[in-house]
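Assemble chain B onto chain A, guided by the hints.
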Amino acid sequence: MTDVQDRPVDVRDIAEIDMSVPAEGAYLSVLRTAAAGLAARLNFTLDDIEDLRIAVDEACSILLAQAIAGSRLTCAFHMTEDSVTVRASVRAASPRIPSRDGFSWTVLMALTSRVEFDVRPPDLLSIELSHQRPAVGPA
Amino acid sequence: MNTSAETIVESTPPIPPPARDLQPRRTARDYAAVRAMTKKAFTKLAQLDPEDPGRAEIREQLVRLHLPLAEHLARRFSNRGEPFDDLAQVGTIGLLKAVDRFEPERGVEFSTYATPTIVGEIKRHFRDRGWSIRVPRRLQEMRLELSTVTADLTQELSRSPTVTELAGRLQVDPDSVLEGLESANAYSTLSLDAPDTRDDFGGTMAEALRFDDDAFGHIEDRESLKPLLVKLAPRDRKILLLRFFHGMTQSQIAAEIGMSQMHVSRLLSRTLATLRQELLSD
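Order-wise, the sequence lines are chains A and B. Read in order, the letters of the first sequence correspond to residues 1 to 139 in this note's numbering. Read in order, the letters of the second sequence correspond to residues 1 to 282 in this note's numbering.
Careful, some of the hints might be misleading.
[As the list claims (entries may be wrong)] Covered by chain A, according to a simulated footprint, are these stretches of chain B (three or more residues, beta-carbon under 8 Å):
hint	stretch
1	149 to 161
2	164 to 178
3	249 to 258
4	265 to 277
Since the hints were made in silico from the structure, they are not lab data. Here a beta-carbon is modelled for each residue, glycine too, at the ideal position from N, C-alpha and C.
So that you can see chain B by itself, here it is in the shape it has in the complex:
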């Protein structure tokens, strides 16, 4: 990712690249000093008019002060296949958001407030990028092409395509398609996926419970299932219900929800694994 922080957050002064190896480690005394400076800066910021040009300078100062925090957090994710520099930059974006949203009067330390915001931004980056393990660029490209061509062919054929059909359209051999599918399954199936809690899939708790009565009436372990379903992200729950209780195919669900069939497959696998783990642990 080459997008720099300043193009994403408008009117932000340039932020120097992380000079991580040049800065000596901070001592306890340094931390105390940072805390004091942070407090002072936020107090000053609160006194300035929202339009005051001086705000930018203080924001920059706050960001500089806490760059080591963003880098420290980025480093915690640096063995997961994304370059450290990208992660540090994404972390810095999180830091900027934290500076802008922090409310000193709530009485928590800025670093306490900023940490989840920065980590959230880094995790979101992984989610957007999607790769939970390192996959060669060639395969990432194959996956993207497959995703597009699968959607095209599904539309043309009014059914899901076969590997041979995909290979024909992409002018590659079927083994390459299989390899691409395999790598697509390596994509984002593991832990980093914090549940997507956005509720823009029409999923509410009431709906989950209604579904439960309609669809799960015959299911013996529905009482154990019910609380687990409620805990699922609305999107994941919707996909699960459409596939298993409304008999829709993965490609139909993909079209309905607006994502690729491969993504539907991955989310289904993940949801089933979650439910299984919890049902079996009873």
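Chain A extracted, bound-state conformation:
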């Protein structure tokens, strides 16, 4: 991050951010960082910020395992006043939705408020995570 002199951006005015990176593990840090930065600006607590960071990592890694080589991983962040929704998608040769009873799903459920996978034929595999900021007690 650079020392920008601008006024801090109010993410609620932006509400939508789309990113697209090569579907390779090396680029996950870009998405993790974006997620953490956005959550921080919504005044999430450190616990929630770090949980979201890990959740994005986990979710995107699941997608990458199925992604067609050389394709792209797209990631859309949608912000409201007290939530971040991350929708990540890849193209997969034969998209498979992980089992709801699997370990990955359990992990994602523990880290976020909502997890949904979906497949749009023929080959688009997406995962949508929402993280709701819990009511923050009096500071």
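Then chain B, alone, in the frame of chain A:
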């Protein structure tokens, strides 16, 4: 690190700084000579009484003989963000430990025995220092401050603080806090981390398996998961279970285990990455 070897290992004679560029490379014949001298020195050492003042001299001789080994091993790690001189010094500490623990009657060459000890010491240094990539000092300091202030605020607020609250307490802008958090994530997430196999977290294999039955009963891939969990370091396993199966937050786990919340976060990420890699590779 400026701590010299002799302050760490008591009653060790001064060890000259590594004169690495002055020493010509050793030839095969030199190695044979070193081996012979090493053997002789250890034989002599074994004959001396533990209290004999002559031991110190022989130890020093052994250390001098093998300094090039310690330096060679230190050099293998010298592109990872720590100054070579520090690594060489840490390697020398490992070498000293190896000299003290070596048992010649076991029939292995001293250098064979010393290598893992020296490498272990260097890796431990990285673990203690923690930085897997070069992070500017300013950010290292920010990370340390963040770690302290996070713990303080968590206690005061009875919940994890927000970035704004951290920035307020540290009197910096929120961007600097974010930058600090980012650098904290660069801290020790990568390869050098040999698994921490210490078992002082109450983690035993039996416990792992019991947890498995209690907590993972509903997990479909538990049979693939089980052997992976058993392989985890007890501390890592405990953190994983507390977060995902006991619903504790990262800060609660941090308090329970006695480490910073940021460290908990890093260890969780790393453990998940390990498990994912192995589960997906099935």
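Hints not upheld, ascending by number: The structure conflicts with no hint, since it agrees with every one listed earlier.
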